[in-house]
Each structure stands twice: as C-alpha cells, then as structure tokens.
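Here the sequence shown stands for residues 40 to 280, where the numbers follow our numbering.
To be clear, the hints were calculated from the coordinates, so they are not data collected in a lab. Among the hints, erroneous ones may be present.
[Unchecked claim] Computed spacing ranges between beta-carbons, pair by pair:
1. 267 with 160: 13 to 23 Å
2. 120 with 228: 32 to 42 Å
3. 264 with 190: 26 to 36 Å
4. 203 with 164: 23 to 33 Å
5. 233 with 126: 44 to 54 Å
In this text the structure is predicted, and so the values were computed from the model without any measurement. All C-beta atoms, glycine included, are put in the ideal place defined by N, C-alpha and C.
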Amino acid sequence: MKIIPVAFVLCVALSACSGSDSVMVIDTDPTENSGDNNNPDVNQGNENTETPDMGDNGATPQNSATYRLTFNATWSLETHPLRWPDNPHFSGLVGAVHNEQVEFWTSGQPATDGVEQMAESGGKDMLLGEVDAAIANGYANLAVSGGGITNSPDTVSVEFEVTRDYPQLTLVSMVAPSPDWFVGVHNLPLVQDGEFVSSLTVDLAVYDAGTDSGTRYTSPDIDTVVRDPISLLTSFPDDSP
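Required output: the full structure, derived from the provided sequences and hints.
What follows is the structure, given as structure tokens:
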C-alpha cells in the first residue's frame, strides 16, 4: 500500500485580524486583551489591589490572541488527474478551541459520531454537539465553524480567539466527494514556551475516518459495521489517489 502525498496547506494568521496578502503564511501579531470594567478580576475604586504578575520584560503577560486561519486547498486536476471527480470541494470548517483534557479525533482511534457525520456528509451538527459537551465540562472554550470550499482549488478563512487556558485547536473538513475522507488538525498547540505562536503553516494529510468501506471518490455507501480506526488514506498507485 502507498500513502499518497497531498498538498493541502492550513495557514493560521495570528493577528488583530488584519489579514495577510499571502494565504500561504501565518502572520501574527497577537492582540493583548488586558481586561475591561466588565471583568470581575479587575479591581476598581479604592479597593486594595495586587500587582499583577509581570513577564520577563516587565509587561503584563498577554491573556488571549485572535487568529485568522486560512485553509488553502491546492487539490486540482493538475495535482491529482487520476479519476478526477466531478464537483471537487471541501465541507465547512468545524472544530474547537480547547485544552489538553479533550481529544475530538486522533489517528489510530475510532471516529466519534460527530467525526463520522463530518467525514461522510460534511455535516457539522453532531461534532458541534460534542464540542458543546466539552465546553460544558470545562474542556473547551468555544466552537469554531466556518465556510467550506465549493470548488477546489481555492481558499477559505475563519477567525477565532485562543486563551492561555484553552491553547489548542482542532479543525476538520471533509474531502468531497469521498466515502469518509477528511483533512484537519487535532490538539494543535498555539501557545508554545509560554508565548502565543505568531505564525504557523501546516501541510495537511488526508485521513480515512474508518466508517465507510468505499475505496473511490464516488463509491456507494458501504457502512463499516465495526468502525476501523482513523488512519492516513492509502491506495494502490493505480487506484484513486
């Protein structure tokens, strides 16, 4: 079996949402959120106050940053001419900002119902429900939901906020048409060595969710009764890439 290389690039622009001319680069200048009068942690009036912890340079550590993530799909007839499907596209981006206590998907483990729905139909509802459950348990901070790509190659962007308490990103999108193939990242850390990552580019692999046994882009539904673990998509060199 052969792992087929793909050229999908996920770019995260960590900035004050000003964007970048290049969708291939994650440029970021994190925006400091120092609090406001609605923040119960901010002391007001003549009450006793404590000096906040200061960073090495004497500045108050940044608590959050706003990111713009750009998904750049380069999948095209030129890159993958073999059995090129009609209507090549990617479903809407869906995922979460969360901490290390939750894992929505990972290679080698069975897909959740939410990942199955996303990978087979592009639906978001069940995965967003799993994110809501994680938020209720204190494992996630917010759901991320964005547009898809209606005709690959193309790009799409989504914005979200990351905090120190919830520094990880999980985000996925269905490769379509396909039985149950998808691209994405899971538990991607956006705070490293105590600092918000300023820029990041990730080459995305294609995964098989293990929930449908079809082998081609347009295979009929062949439900996998006992789900296989999520795995890197593989194929014979002369079969669908």
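Structure versus earlier hints, numbers of those that do not hold, lowest first | none
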